[in-house]
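K.L.:
Those sequence lines, one after another, are chains A and B.
Each position in the first sequence, counted from 1, maps to that position plus 27 in our numbering.
Each position in the second sequence, counted from 1, maps to that position plus 9 in our numbering.
Hint data in this document are derived by calculation from the structure and do not stem from the laboratory.
Just to be clear, a hint being listed does not mean it is correct.
[To be verified] Covered by chain A, according to a simulated footprint, are these stretches of chain B (three or more residues, beta-carbon under 8 Å): (1) 22-31; (2) 90-98.
[Said to hold, decoys possible] To give a feel for the contact side, a few chain A residues facing chain B, derived at Cβ under 10 Å: (3) Val80; (4) Glu93; (5) Asn95; (6) Lys97; (7) Arg99; (8) Glu111; (9) Tyr115; (10) Gly168; (11) Ser202; (12) Met238.
[Said to hold, decoys possible] In silico DSS-like links for lysine-lysine, alpha-carbon gap of 27 Å or less: (13) Lys92/A with Lys15/B; (14) Lys15/B with Lys41/A; (15) Lys97/A with Lys100/B; (16) Lys141/A with Lys15/B; (17) Lys97/A with Lys15/B; (18) Lys137/A with Lys92/A; (19) Lys259/B with Lys141/A; (20) Lys15/B with Lys154/A.
Built from N, CA and C at the ideal position, the CB exists for glycine as well.
One letter stands for each residue in the lines below.
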Amino acid sequence: MDIVKTKELTKVYKGSVCVDNVNMKVKEKSIYGFLGPNGAGKSTTLKMLLGLVHPTGGEIHIFGKEFNRKNRGEILKRTGSLIESPSYYGHLTAYENLRIYTTILGLPEKNIDKVLSIVRLDRQKGKRVSAYSLGMKQRLGLASALLSFPELLILDEPVNGLDPAGIQEMRELISSLPQKYDMTVMVSSHILSEIDRLADEVGIIANGRIMYQGPLDALHKTDSSKSLEEIFIDLTGKEKSL
Amino acid sequence: MIRLLKCEYLKTRRRYLLLTVIAAMTVYFIWTFHGSYNAEGIRHGWALFLYQQPVVNTIFMPFFCIIIASRLSAIEHRGAMLKQLCTMTDKGRLYDAKLIYGMFLMSFCVAVSWIGAVLFGMYKGYSGVFPLGLYGLYFIYTLLTVLEIYTLQHFLAIISKNQSVGFFVGITGEFAGLFSLFLPNIEWLRKLVPYGHFGQLDFIGMYGWTKTEHMRNVYFKLMDTENFVFVVALLILIFYITGRYIFVRKEV
Ligand SMILES: Nc1ncnc2c1ncn2[C@@H]1O[C@H](COP(=O)(O)OP(=O)(O)O)[C@@H](O)[C@H]1O
Ligand SMILES: [Mg+2]
Numbered sequence: 028m029d030i031v032k033t034k035e036l037t038k039v040y041k042g043s044v045c046v047d048n049v050n051m052k053v054k055e056k057s058i059y060g061f062l063g064p065n066g067a068g069k070s071t072t073l074k075m076l077l078g079l080v081h082p083t084g085g086e087i088h089i090f091g092k093e094f095n096r097k098n099r100g101e102i103l104k105r106t107g108s109l110i111e112s113p114s115y116y117g118h119l120t121a122y123e124n125l126r127i128y129t130t131i132l133g134l135p136e137k138n139i140d141k142v143l144s145i146v147r148l149d150r151q152k153g154k155r156v157s158a159y160s161l162g163m164k165q166r167l168g169l170a171s172a173l174l175s176f177p178e179l180l181i182l183d184e185p186v187n188g189l190d191p192a193g194i195q196e197m198r199e200l201i202s203s204l205p206q207k208y209d210m211t212v213m214v215s216s217h218i219l220s221e222i223d224r225l226a227d228e229v230g231i232i233a234n235g236r237i238m239y240q241g242p243l244d245a246l247h248k249t250d251s252s253k254s255l256e257e258i259f260i261d262l263t264g265k266e267k268s269l
Numbered sequence: 010m011i012r013l014l015k016c017e018y019l020k021t022r023r024r025y026l027l028l029t030v031i032a033a034m035t036v037y038f039i040w041t042f043h044g045s046y047n048a049e050g051i052r053h054g055w056a057l058f059l060y061q062q063p064v065v066n067t068i069f070m071p072f073f074c075i076i077i078a079s080r081l082s083a084i085e086h087r088g089a090m091l092k093q094l095c096t097m098t099d100k101g102r103l104y105d106a107k108l109i110y111g112m113f114l115m116s117f118c119v120a121v122s123w124i125g126a127v128l129f130g131m132y133k134g135y136s137g138v139f140p141l142g143l144y145g146l147y148f149i150y151t152l153l154t155v156l157e158i159y160t161l162q163h164f165l166a167i168i169s170k171n172q173s174v175g176f177f178v179g180i181t182g183e184f185a186g187l188f189s190l191f192l193p194n195i196e197w198l199r200k201l202v203p204y205g206h207f208g209q210l211d212f213i214g215m216y217g218w219t220k221t222e223h224m225r226n227v228y229f230k231l232m233d234t235e236n237f238v239f240v241v242a243l244l245i246l247i248f249y250i251t252g253r254y255i256f257v258r259k260e261v
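Pulled out of the complex, with its shape left as it was, chain A reads as follows (with noise of 0.2 Å):
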C-alpha cells in the first residue's frame, strides 16, 4: 500500500509556481529520499503533507485517507515530522521541551526517557536546549518526530549542517527505523551522498517538478557511462536552464 499518495499536488505563491503538478508515491515501510536542489519545492512539499501549507490544487492521500480539513487531525496524530530548522524553547532542557509534546498529545512520559536514549541525548537531557550544538538541536528535533511512535515520519533535511560524524550517526539512526519501529519515513535533502544508500525509493525534484522517482539504482542503470553524482546534476541542471 501507498502510505503518502499525492495527486497532482501544486502549490502557487503569487504567481510563481513552486511546487508543480507533483504525483508521489511512499511505499509502507520504505525510505523514501526526497531530492532536490536548494528552492526545488521540497520543504513546500512536505509542509503541505503535514496541513501547514495549503495546496493551491491537487490532492493528498496518507494512509489511504484524504488529507483535508475533516481528517487532517487523526492523520497528523500517526505522523511524526521535523521541518527545516528543529523547533525548541531554547530555556527549557530538552527533558521538558519533549514533556510539553507529551502533555499535548496525550502520551506517557516513559516515551520521552524512551526517544531520547534512541537519539543518545539521555545524558544531556537536564541541559539547556539553548546551549546545544546544532547536532544535538537536530537529534532533539528527530526524538520529538518520534516521540509518538508514529507510522509515518516526515524528515525535512535532518543532516543539514552537521558534520560528517553526525551525519553518519543519524543515518544509520533513521535506516533503523523501518524494521526496528515499522516506520515509513520520508526524508529531504540537496545533497545526493547523503541519501543514497539510505533510501530505497527517491523522488528528484527541481524547480517543483518531479523528475525521477523510483529506486536509485534503476536511475544508476539509465546512463551507465556517467556516476550518479553526474545524473543527478543533469536531472536538476536541465530544468535550471529551461
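Dock chain B with the ligands against the given chain A, drawing on the hints supplied.
P.N.:
Okay, now just chain B with the ligands, sitting in the frame of chain A:
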C-alpha cells in the same frame, strides 16, 4: 484545552513570568500610593481613588498587556515552535490557549491591584463606609478594558515574529488613550481608542474643587456609564474573531 493550558504553564517555566508580574505590580503600587495624604484627601479617600485611578491604569495596564503578550508569544517565535505545534494540535485552539493563559495573568494583575487599593484605604483609614458597589463596578470595568487591550496585543504578538510591531501599536495606543483622557471633549476619540477605555471608567465625577478651598466643598457624583460594557464586549469579540481568523489562515 486543559492540556494546552498546562503546556502554557510548562513553557513559561524559568521565564520569570510571575516575577515580571510582581515587579510590574510593585511599580504600579508605588506610583499609585506615593505622595502625601492630607486630611481632606483621606476624608474623600475612597472616592478620590476611583476618580484618579483610571489615569494610572491608562498608563500602566496597556504596558503590562504588551509585556505579557509579547513574552508568551516570543518564546514560540524564537524557537520556530509554531510549525511544530501546528502539527500536533489545532491552530485555533493554540491561539485560544495562549489568549486564555495571558488573560488569566492579566486578571490576576487587576485583582491584585484592586485588593491592594482596598487594603491601602483601610490602612490609611479613609473615612466613611467602604463603597463596595462602586468598587465592584470599578473592578469589572477595569478588568473588561484590560481584557480588551490584551485580546488585541495577543493577536499582534502571535501574528508577527517581530515583537516591536506589538510594542509600537501598544505604545501609540497608550498615548492616544492618555490623550483622550485629557481631552474629554473629544468623545469619539475616547470611544474609539481601546487603550483609553479606562477613561470610560471615569464614572466618578469630581465637582466643586477650587484653588483656594481645595477639596473642602468637593463632592463626587456617579457619572453616566452609558453603553460602555456593550462597546467593550463588542470590541473584544471583534478583536478575537478577526485575530483568530487571520492567525488560523496564515501559513507557518
Ligand atoms: N511563503 C512563501 N512565499 C513565497 N515564496 C515561497 C514561500 N515559501 C517558499 N517559497 C519559494 O518556493 C520555492 C521553494 O522553496 P522550498 O520549498 O523551501 O524549497 P526547498 O525546501 O527545496 O529548498 C523557493 O523558490 C521559495 O523562494
Ligand atoms: Mg527546504
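K.L.:
Work down the list of hints and note, for each, if the structure agrees.
P.N.:
Hint by hint, here is what the structure shows:
1. Counting residues of the stretch 22-31 of chain B whose CB falls under 8 Å from any CB of chain A gives 3; the rule of at least 3 is met.
2. Remark: the stretch 90-98 of chain B is confirmed as covered by chain A, as 8 of its residues place a Cβ nearer than 8 Å to a Cβ of that chain, reaching the required three.
3. The closest approach between the C-beta of Val80/A and any C-beta of chain B is roughly 5 Å, which is under the 10 Å cut-off, so the hint is satisfied.
4. A hinted interface residue such as Glu93/A counts as satisfied when its beta carbon comes closer than 10 Å to some beta carbon of chain B; here the least separation is about 18 Å, so the hint is violated.
5. A hinted interface residue such as Asn95/A counts as satisfied when its beta carbon comes closer than 10 Å to some beta carbon of chain B; here the least separation is about 14 Å, so the hint is violated.
6. Given the 10 Å rule on beta carbons, the hint for Lys97/A is violated: about 12 Å separates it from the nearest Cβ of chain B.
7. A cut of 10 Å between beta carbons decides the hint on Arg99/A: the least distance to chain B is about 9 Å, and the hint holds.
8. Of the supplied interface hints, the one on Glu111/A holds, with its beta-carbon coming within about 8 Å of a beta-carbon of chain B, less than 10 Å.
9. Hint status for Tyr115/A: holds, given a least beta-carbon distance of 5 Å to chain B, under 10 Å.
10. The criterion of a C-beta within 10 Å of any C-beta in chain B is met by Gly168/A, whose closest approach is roughly 8 Å, and the hint holds.
11. For Ser202/A, the shortest C-beta to C-beta distance to chain B is roughly 24 Å, which exceeds 10 Å, and the interface hint is violated.
12. With 10 Å as the threshold, the beta carbon of Met238/A stays out of range of chain B, its nearest partner Cβ sitting at about 26 Å, so the hint is violated.
13. The suggested pairing of Lys92/A with Lys15/B is violated, with an alpha-carbon distance near 32 Å, which exceeds 27 Å.
14. For the hint linking Lys15/B to Lys41/A, the alpha-carbon distance of about 39 Å lies beyond 27 Å, and the restraint is violated.
15. Under the criterion of a C-alpha separation no larger than 27 Å, the hint pairing Lys97/A with Lys100/B is consistent with the structure, at around 14 Å.
16. At roughly 23 Å between alpha-carbon atoms, Lys141/A and Lys15/B fall within 27 Å of each other, so this suggested pair holds.
17. A distance of roughly 26 Å separates the Cα atoms of Lys97/A and Lys15/B; the hinted pair therefore holds under the 27 Å criterion.
18. Between Lys137/A and Lys92/A the alpha-carbon distance is near 30 Å, which puts this suggested pair outside the 27 Å criterion.
19. Distance hint between Lys259/B and Lys141/A is unfulfilled; the C-alpha atoms sit about 35 Å from each other, more than 27 Å.
20. As the CA atoms of Lys15/B and Lys154/A are separated by approximately 22 Å, the hinted pair is consistent with the 27 Å bound.
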